[in-house]
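Chain order of the listed sequences is A and B. The first sequence begins at 2 in my numbering and counts up by one. The second sequence begins at 401 in my numbering and counts up by one.
In case anyone wonders, no lab produced these hints; they're calculated from the structure. Computed from a prediction, not measured in an experiment: that's the story for all the values here. Treat the hints with caution; some may be incorrect.
[To be verified] Simulated crosslink set (BS3-like; lysine-lysine; CA at most 27 Å straight-line): (1) B:LYS485 with A:LYS128; (2) B:LYS506 with A:LYS87; (3) A:LYS85 with B:LYS469; (4) A:LYS85 with B:LYS444; (5) A:LYS36 with B:LYS502; (6) B:LYS444 with B:LYS485; (7) A:LYS116 with B:LYS444; (8) A:LYS132 with B:LYS502; (9) B:LYS506 with A:LYS112; (10) B:LYS505 with A:LYS132; (11) A:LYS116 with B:LYS469; (12) A:LYS129 with B:LYS502; (13) A:LYS116 with A:LYS128; (14) B:LYS469 with A:LYS54; (15) B:LYS469 with A:LYS36; (16) A:LYS132 with A:LYS112; (17) B:LYS469 with B:LYS506; (18) A:LYS129 with A:LYS85; (19) A:LYS112 with A:LYS128; (20) A:LYS36 with A:LYS116; (21) A:LYS36 with B:LYS458; (22) A:LYS36 with A:LYS54; (23) A:LYS36 with B:LYS444; (24) A:LYS132 with B:LYS485; (25) A:LYS128 with A:LYS87; (26) A:LYS54 with B:LYS506; (27) A:LYS129 with A:LYS54; (28) B:LYS469 with A:LYS87; (29) A:LYS112 with A:LYS85; (30) A:LYS36 with A:LYS112; (31) B:LYS505 with A:LYS36; (32) B:LYS444 with A:LYS87; (33) A:LYS129 with A:LYS116.
[Unchecked claim] Short, incomplete list of chain A residues facing chain B, as computed with Cβ under 10 Å: (34) PHE8; (35) GLU60; (36) TRP76; (37) PHE108; (38) SER114; (39) GLY118.
Even for Gly, the Cβ is constructed at its ideal location relative to N, Cα and C.
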Amino acid sequence: MNLLFDFTVDKATNTIHITREFAADLDLVWDAFTKAEMLDQWTAPKPWRVRTKEMDFREGGRWLYAMITPERTHWSLAEFTEIKPKTSFSSRNTFSDENGNHITDAFSLTKNSFKAGTETTTVHIEKKFDKLSTLEMMVAGGYKEGMAAGLSNLDEYFSTLVASK
Amino acid sequence: MRRDIFQAIADPTRRAILVLIAVQAMTPNAIAEHFDITRQSISKHLRILSECDLLNQKQDGREIFYELKIDKMKEIDIWLGQFRKIMEERFQQLDQLLYTIKNKKK
Numbered sequence: 002m003n004l005l006f007d008f009t010v011d012k013a014t015n016t017i018h019i020t021r022e023f024a025a026d027l028d029l030v031w032d033a034f035t036k037a038e039m040l041d042q043w044t045a046p047k048p049w050r051v052r053t054k055e056m057d058f059r060e061g062g063r064w065l066y067a068m069i070t071p072e073r074t075h076w077s078l079a080e081f082t083e084i085k086p087k088t089s090f091s092s093r094n095t096f097s098d099e100n101g102n103h104i105t106d107a108f109s110l111t112k113n114s115f116k117a118g119t120e121t122t123t124v125h126i127e128k129k130f131d132k133l134s135t136l137e138m139m140v141a142g143g144y145k146e147g148m149a150a151g152l153s154n155l156d157e158y159f160s161t162l163v164a165s166k
Numbered sequence: 401m402r403r404d405i406f407q408a409i410a411d412p413t414r415r416a417i418l419v420l421i422a423v424q425a426m427t428p429n430a431i432a433e434h435f436d437i438t439r440q441s442i443s444k445h446l447r448i449l450s451e452c453d454l455l456n457q458k459q460d461g462r463e464i465f466y467e468l469k470i471d472k473m474k475e476i477d478i479w480l481g482q483f484r485k486i487m488e489e490r491f492q493q494l495d496q497l498l499y500t501i502k503n504k505k506k
């Protein structure tokens, strides 16, 4: 089956839009995005692994999970801000320590929307970063706490470069 | 030997080195202080980044400083490309998981 995958970036608003179709019904796809035992099985880029420490899927609840690499473990946090069952949910995502304490001011806001088709389910993901360097940090998986300071420097550096063009 | 820039950013340590030296020129020892890995590993990563033509070297007395050739980086577009690739791979893993679950139900 040829499944839709669309990826666009709006640099003016630091927002990424992803649309992806999945060959399963809405109930199953919703579970895959919201249940820890399923999230743990697909959200890590290989050869990394994801292991959930806490999952409290309700508005005001949070998902605390470890991204485990051969070198070290990165803790990440998704705080659920809005949930419309089987329709959409939104979260504020950041890096944390193993107890879910924030370790950086950098964050992204994610909204996942679900739409049932005849044989497939389409998911639209809107991911807005507070600044572009946060995207780089999310991509790199986050490093030591100290890296956050370096990244905000990098952000300033890039804005200087853009301004000098 | 010339390498593709994607080889440079395929490795998380090399991405972290690029972020460090984008801010300021640094000696290999100063770079190594930011990581838990050996000085030899850092040298290997720096060699690969050099081969990708991402580094400027500056001699200051006995010390060599490395800095990022920013024009080679195409800045954020590379991170975006990497992010897109990560998402594609994740979704393929989910495709596989959904397929497995559906077959179990049958």
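> Which numbered hints turn out to be false for this structure?
Replying inline: 3, 4, 7, 8, 9, 10, 11, 12, 14, 15, 17, 21, 23, 26, 28, 32, 35, 36, 37, 38, 39
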